[in-house]
Structure formats: C-alpha cells, structure tokens
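J.: This is what each chain is made of:
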Amino acid sequence: MRRTSLLLLMVALITSLMVLNGCPKKQEPVTPPPAPVETTKPEVKPEPEQPKQPEAKPELREEQLQTVYFDFDKYNLRPDAKSSLDANFALLQQYSNVIIKIEGHCDERGTVEYNLSLGEKRAKSVMDYLTGLGVSASRVTIVSYGKERPLDAGHNETAWAKNRRAEFRVVSQ
Amino acid sequence: MKTKQLIFLSMLLVVSNVSAQDENIRNIPFDTIRTGEVRPRTIAVEDMKYVGTNHITKEDTAFMRAATGVVQSDIEFASDFELTEIDSFYIRKYEIKEMDALAWNRLGADYLVRLEAEFMGANMRVRWRLTDTKREQEIGKGMVENSGSRWREIGHDIANDIVRTLTGDRGIFRTRIAYCKKIGKGKEICIADFDGSNEQQITFNGSINISPCWTPDGREVYYTTFVDGPAHIYKVDITTRKTTRIAAFTGINAAPAVSPDGTKLACVLSKDGNSEIYVLDLSGRMIKRVTISKAIESGPTWSPDSRLIAFTSDRTGSPQIYTSDADGINTKRLTFEGRYNDSPIWSLRGTRVTFVSRTPDGRFDLASIDTSGNNPHLMTGFGQNENPHFSPDGKHIVFASTRLGGSDIFVMDASGRNQRRITTSGVCSNPTWGPYR
Chain S
1 MRRTSLLLLM VALITSLMVL NGCPKKQEPV TPPPAPVETT KPEVKPEPEQ PKQPEAKPEL
61 REEQLQTVYF DFDKYNLRPD AKSSLDANFA LLQQYSNVII KIEGHCDERG TVEYNLSLGE
121 KRAKSVMDYL TGLGVSASRV TIVSYGKERP LDAGHNETAW AKNRRAEFRV VSQ
Chain F
1 MKTKQLIFLS MLLVVSNVSA QDENIRNIPF DTIRTGEVRP RTIAVEDMKY VGTNHITKED
61 TAFMRAATGV VQSDIEFASD FELTEIDSFY IRKYEIKEMD ALAWNRLGAD YLVRLEAEFM
121 GANMRVRWRL TDTKREQEIG KGMVENSGSR WREIGHDIAN DIVRTLTGDR GIFRTRIAYC
181 KKIGKGKEIC IADFDGSNEQ QITFNGSINI SPCWTPDGRE VYYTTFVDGP AHIYKVDITT
241 RKTTRIAAFT GINAAPAVSP DGTKLACVLS KDGNSEIYVL DLSGRMIKRV TISKAIESGP
301 TWSPDSRLIA FTSDRTGSPQ IYTSDADGIN TKRLTFEGRY NDSPIWSLRG TRVTFVSRTP
361 DGRFDLASID TSGNNPHLMT GFGQNENPHF SPDGKHIVFA STRLGGSDIF VMDASGRNQR
421 RITTSGVCSN PTWGPYR
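Note that the protein sequences, when read in sequence, are chains S and F. Under the working numbering, the first residue of the first sequence is numbered 1, with each subsequent residue one higher. Under the working numbering, the first residue of the second sequence is numbered 1, with each subsequent residue one higher.
Derived from the structure by calculation, the hints contain no laboratory data. Don't take every hint at face value.
[Claimed, not checked] Here are some chain S residues the structure puts well away from chain F; computed CB gaps all over 12 Å:
1. E59
2. K74
3. P79
4. L91
5. Y95
6. V112
7. K121
8. S136
9. H155
[Stated by the list, open to error] Facing chain S, a subset of chain F residues (Cβ under 8 Å, in silico):
10. A103
11. S270
12. N430
[Said to hold, decoys possible] Only pairs whose alpha carbons sit at most 27 Å apart, straight line, appear in this in silico DSSO-like list of lysine-lysine:
13. K74/S / K395/F
14. K185/F / K101/S
15. K74/S / K271/F
16. K124/S / K82/S
17. K264/F / K332/F
18. K294/F / K242/F
19. K332/F / K294/F
20. K395/F / K264/F
21. K288/F / K264/F
22. K101/S / K82/S
23. K395/F / K141/F
24. K294/F / K264/F
25. K141/F / K185/F
26. K124/S / K288/F
27. K101/S / K264/F
28. K124/S / K74/S
29. K395/F / K124/S
30. K49/F / K134/F
31. K101/S / K124/S
32. K264/F / K242/F
33. K294/F / K74/S
34. K271/F / K124/S
35. K395/F / K101/S
36. K294/F / K82/S
37. K294/F / K271/F
38. K101/S / K49/F
Here a beta-carbon is modelled for each residue, glycine too, at the ideal position from N, C-alpha and C.
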C-alpha cells in the first residue's frame, strides 16, 4: 500500500451511505475534488463475533473502495479520480476474488435520459481504467442510475459535485 | 375582469437573424412568439341553471356548480380564448337578474355560454347554448349527459364541444398527462387529467420509474424502470395496470418513444458499447440501429409523420440536437447556440422543435427552433425547466420546473404565455401529454 494515511470513517447513520474519506492527494489536482462528508464521530464498533468461521479470510469492505468524482457533463477521469482508482486497484489486487459493480451517477442538471447515458459513460471510464491496469473484465460490471440517486439532495454546486460520481459495490468475494 | 393568473408572462429572447424573420412570418407555426399578438376571443360562461320541475338535492346543486366551474376553467385554459368573469359588482349595483347577450357584449364577451341542467335519476343532463353576443345569434348548441358524480367529464365534454364549434378543432379537455412522482423511496409513474386533477398511480414496484411515453391509442404507457436492477423498458396498461417487459438488453434500455403512427419504438440502448438510438417494434424486437458514434446519443423523439427522429448527441463535445431519417441517414445538426441542448420534441406541424437549453446564466430553460435551424428562442425565462411535451392539438406545452422550490408539472400555451402549475406536491417530474380522448 502506497498510501500511508488512509483514514477509514464509518458514517453509521440510518439513511447515510458509507463514505470513504481519503486524505488529500500529494499531487495537485487540476480541479479540486469535492469535500467529502466529514464525520465527527467515528464509531469504533467491536468486531462482530463470527462463531462459524473465526479464522475467516479478511474481507474487502465496500467503503474501502474510493468513490471517484467528475466534472459537469464530463466522463473523463480527473487526476484525483485516477489516484483514487490506483488505490482501488491495489485493493482489488489484494482481494483477487472480489467481483465489483461500478455505479455511475450524475447531478440533477440536464434531463433524466441524457444523464442515464452520461452515468453509464462515467462507470465505463472507471471500468476501462481498472481493466487497463490489469483487473480482469470478468470481475467488473457497470450500471448507471443517471440522476436518480443523488447523495446530496441540495441544489448547489457543493451538492452537485458530490453527486457526479462513480461508486463501487462489492457483488461477491 | 379577466382572472387569468399569469404565473409569469414569458420573456422572449429572439436570438437570431432579424432580417430573415419577415420572410418567415407567413409560415409561422403556432409555437412561436407571434401567437401572442392575436387577441384571444373572450367567452362568458353563466352559472348553470336548473330547468327541471322536481325538487333537487344539495348534492345536485353542488354537481351543477362544479360542472360550471370545469367549463369555465377549461375555457380559461384554452389558448384561443379568454374567460369573461361575471362582474359581480356591476351586477349587484344595477340589480341585474338576467344578463342578455348584448349586456355581455358590453362587458367584453364575444360569446356567451348558457348551461341548463336536468336530473334523471343519478344522471345529470346539461344542454348548452353558444351565442354570438354582437349579432345576438345562437351559433351552437348541444347536450351532454352523464352520472352527476362525473361532473368533471360533463364539464370537459361541454368545453370540448364549444371549442370545436368555434375553431373546428378537437378540444383537449379530456386528455391526460403521465409523469413521475416520488413515492416513498421510489419514483412511480402517475397519470392525471391535463389540469392536474384525478391523479392515479399506475406503477407500483417501489423502484425508480422514469420517462413515461403514451401509445397513440392512450391505452398504454411505455417507461424506463430500474425494477430489475439496470434500466429496462417496460409498458403498463393504464386500465389493468398489467406490466410487460419490452427491452432488457445488456446495458441501458431507456428513453422509449412510441411513433405517432403507433408502429415503432425509438429508444436508447447501450448493448453495443455505448448509448445509441435504435428503433424496435412495439413488442421490443429489433428493427434498426439509427446512430453509430462513440458519443452519447439520447432522448429520441418522432416527427409527427413518424418519418424523422430528433435526438441529442454530444459527438461534438457538448450535447446538441440532431435530426435524422428513422433509418439513420441524413443526419443533420439543428442547434448551434449554447453548450447544452437536450430533450427535443417536435411541434405538431413538424416545423419546429422545442427542447431544453442551458442559458448563459446557467439555467435550463425551454427553447424552440425551426427544423431548418433558424429562429431559436427561449420560452419561459424563469427558473429551471425541463422535459417539454406538446398537447395533442399542439397549442400547449407541459413541462417540469423547480421554479417554485420543489419539482412540479407546469403547462403553458405553446407561445410561452399563461404558464401555470398543475401539480403541487413538489415531487413530480418528467411529464408527457397523452393523446385525444
């Protein structure tokens, strides 16, 4: 792991999604990534007991995979997105049985139909980057939700920046 | 006197080519700014009178009042007409019991509608008479009968008859719109009367359902749904609520558009690598791939003669409107102004395309352009506006707007006048106008 300061924070609220909070990148991104949701109360949960298989192999948690963000009406990967994906790639190498699904999302501007296609382009950019690094294509699927599943319901650039994203789901491992 | 509530009188921005305009005036279709220069004729609708001999119930009186209200609001809605309200001050001051046609004429009414009701069992029978107030001459009459509790239909049918008598055109007052509504965590397809009343939910899967599109017979609605995970195209029978899966190729299956002749379905599929326009038959069998490009193609819509397709493509780096023959040849770019033009819909006469354009101040607004690519202009001038769709007579546009906070459905005359909100829940979007009924 190249990244030494990986900070995991779980937002353990009912409706909230898990957000991985990466530390600032060493390189200078052209467009700064949107500030992810800060959480002030990282809940340290005791590891739940696994009565059946106490010696189970450690599993990749979905929130370890970083969400990547995009510019308005764009599906090319920004430098900050690429470094997030490099980190994700390392994890996928480490957990080599994991099968993932990449979800492409958009902000609320523009039509439902166009955003559905744009979200797919975003997911595909991410998939292409990862397979380019060497992840087997059979481990990756994509889906687009267009602008239907915003992370932030706000109507301003802060909210929009959070919503233009590609998220990772662990399908199986 | 006139109570038409203009939410906002459109500000019209003519972007192009003033010199070419005079030439085009003769061919101006309805959905241009010039519609507003014709003074709409005004119609007075008197309160419905009971002319039977039996005692009538309070409920019957309420039905009569409600049906009158429907006729009045329909006339007010019609872009060709305005409603002359009864001037109660005038009537009280002069203790007028009965206004004759000439008196109405002095109050500015070109036409007068008189309504007379009788009750036969549960049925209400209404006779209407239409009078030209200037000539004091009856120019039309008719009779509508239905169960009294169906006073909406009675009122709409009378208004349709009046519009047909005066213009020769079918009225739209029995038409419905379909749209998406946030319900729980999902978005379901709903239908309602053109004025927003009688809302009914027609999908119930708890998932996200978007992009409703009516079949020309008005019996089914095609839509995009995430009920299976990825976006698939389904249809729902609006009476039985039975759903049928139409397209479930790998990738996106979205943006269904049934052709006006009811034989073909244009849609977006990404099965061949990225979003392209395809034409299927109505049951989902492949007929033809229309576009071939590495860019996003989206939002197909048919010309009124079902021969051409307009769609959005970002093949030049920004979303712009293109038209093409339905078999994919003769593609031409229609919009050149602005960096974001999307969501095209053809006008009824096929001479103009209305679409959504991102304005220099960052709003999304409705705009309209000739199919020749000339005379683009913005249409509402206010708030964020999306998903324009024409009424079957081409005289009105329904659209979604967040101008008042939440997302609601609005309608306006095709010229941009008379913008009004028809849903108030703040969670409605993506409207399409159904066919004549």
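J.: Run the structure past the numbered hints and jot down the numbers of the failing ones, going up.
T.: 2, 6, 7, 9, 10, 13, 18, 25, 27, 29, 35, 38
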